[in-house]
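Got chain A sorted already, so can you dock chain B onto it with the hints?
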Amino acid sequence: MPEKFDVVVVGAGPAGCTAAIVLARAGMKVAIFERGDQPGAKNMFGGALYYTEALNELLPDFWEQAPIERYVTRHVLTFLTPDASFSIASADNDFGSPPYNGVTLLRAKFDPWYAGKAEESGAFLVPATVVDDLIWDGDKVAGVMAQRAEGEVLADVVIAADGANSLLAKKAGLRKEFDTSSFAVAAKEVLALPAETIEARFGLSEGEGLAQSFVGDCTKGLTGGAFLYTNKSSLSLGMVVRLSSLQEKQISIAELLDDFKNNPCIKPAIKDAILKEYSGHLIPEAGMNMMPQLYGNGLLVAGDAAGFLVSTGLTLQGMNFAIASGYAAAQAVIKARQKGDYSRKGLSYYKSLLEESFVLEDLKTFRHAPRFQDNPRIYGLYPSLLCGISKRIFQVNGQPRKKILHLVREEMKGKTSLWRLATDIIQAGRALIWP
Amino acid sequence: MAIEDKLSTIRYAVDAEPHIRLNTDICETCQDKTCLYICPVQNYTLAEDKLVFSWQGCVECGACRIACTAGAIEWAYPRGGFGVCWRYG
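Line by line, the protein sequences give chains A and B.
Residues 1 to 435 in our numbering are what the first sequence lists, from first letter to last.
Residues 1 to 89 in our numbering are what the second sequence lists, from first letter to last.
Next up, chain A with everything else stripped away, as it sits in the complex:
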């Protein structure tokens, strides 16, 4: 007889582990399958986990015990040209006290800790095991096929938290095959530096951290951006570029990242830092436009697998969406159990919960952002205009000074028209600024 669980969760990332903690605490028999030799072995992200109520509810004051690196008090957005930069910087001391607004972390440390919490809650973790397929009972998912002896594992309901590629959601027909315009690839380097050097270089007090994003020359005009996060004694420096853009321009992200490290804006920041690990990962970027059907008969999709990620250019958030969606998935399963109905209809509460939470609200709010990010002028013209204008403002060269609007007009001359600028501002406004 195959083993039977109430719930099988596929993927021991933040979505899967959150669901497992909630379900195990509700007294359900839960198994989590993880293909890495331990949780986190396959997971990589930029750097910051933003405050998530669900996490704080499950593990109050989680920052006291979780392996976090630094709490983010500084956010910087930098526009880059090959030899100049223009930044908007925000520092807020409120972000330096609990509950922290954002914390930097490394997934190979955080994910095993979080999966440990799921195990402590009573969930059964099965590491180093790939789940190949779903088991069907008619039109209802009845379990999973794991790559092992006695691979059949039955369950009343399966939660696919199997990451950006989600082969399970695809096999279940909940998700179509996507093209290169829906995904980005990320490359990251973890660069070791002493904690004191990091604090001195970035003007941080002990424990404080920086989250910086870069737009412009770092991607050589391609759709995407770069990021820098400070960990305790390392930097996470990386880049995200849309697949379709790499495809079109025939450039490799590894080379873009290398060039970025030589940009005068970043070079002194990483001086003498030692490369500890180069990594790469896939990012679902199309937001609402790529969202699969979130549930079927006996199946729920959560986290990256559901495309729950919001990239505004200012922040890139995914882990908080994963945790909140895992939490909602578990609540929906608990409700379905009370009614004894794990059908599509019985699980539909999942969508209502997501709609009530920030998950679907934020995706809806920023639904135009992925299209807006296709505008090539964001990566070339506008960084160069901003840097050019600020240069004219600060430049003292013996000539009579002029007021800012005059300088703006001079800088724009021959580069773009007022009409073009106005239409781009409207597009940006629709995507990111006004309601």
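Derived from the structure by calculation, the hints contain no laboratory data.
We put the beta carbon where it would ideally sit given N, CA and C, even for glycine.
Heads up, a few of these hints could be off.
Stated by the list, open to error - Label-pair restraints from in silico Cβ distances:
1. A/Arg409 / B/Asn23: 51 to 59 Å
2. A/Arg367 / B/Glu74: 31 to 39 Å
3. A/Glu64 / B/Asp32: 48 to 56 Å
4. B/Val14 / A/Ser205: 40 to 48 Å
What the hints assert, rightly or not - The calculated DSSO-like cross-link candidates involving lysine-lysine, where the alpha carbons are at most 30 Å apart (straight line), are:
5. B/Lys33 / A/Lys171
6. A/Lys220 / A/Lys249
7. B/Lys50 / A/Lys220
8. B/Lys50 / A/Lys413
Frame of chain A; chain B shown alone:
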């Protein structure tokens, strides 16, 4: 920095068998060869005009799976416990 030096910082449990297989007959007719550009670890290379994939250095991101619309890539995850093991992530 050469990609080989970057790869040397990554820990792998390399399986004896490749988890991704190429149908190079299809690759030969492919004009775009997108795989050469979208792989973050540059595991797709040309050797005397022949496309070669080194599964040992794969980070299992799936970019090639999405980008290869010619259907030349038979893509799967490595067996459980094998493949990339991030030490930092």
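Verification of the hints:
Roughly 57 Å separates the CB atoms of A/Arg409 and B/Asn23, a value that falls within the hinted 51 to 59 Å. Checking the proposed 31 to 39 Å range against A/Arg367 and B/Glu74 shows it holds: the Cβ atoms sit about 35 Å from each other. Checked against the hint of 48 to 56 Å, the C-beta distance between A/Glu64 and B/Asp32 comes to roughly 51 Å, which is consistent with it. The beta-carbon spacing between B/Val14 and A/Ser205, approximately 43 Å, falls within the hinted interval of 40 to 48 Å.
About 27 Å separates the Cα atoms of B/Lys33 and A/Lys171, which keeps this hinted pair within 30 Å; it holds. A distance of roughly 10 Å separates the Cα atoms of A/Lys220 and A/Lys249; the hinted pair therefore holds under the 30 Å criterion. A C-alpha spacing of about 29 Å is found between B/Lys50 and A/Lys220, which places the hinted pair at or below 30 Å, so the restraint holds. Proximity of B/Lys50 to A/Lys413 is assessed by CA-CA distance (about 49 Å); at most 30 Å being required, the pair is judged violated.
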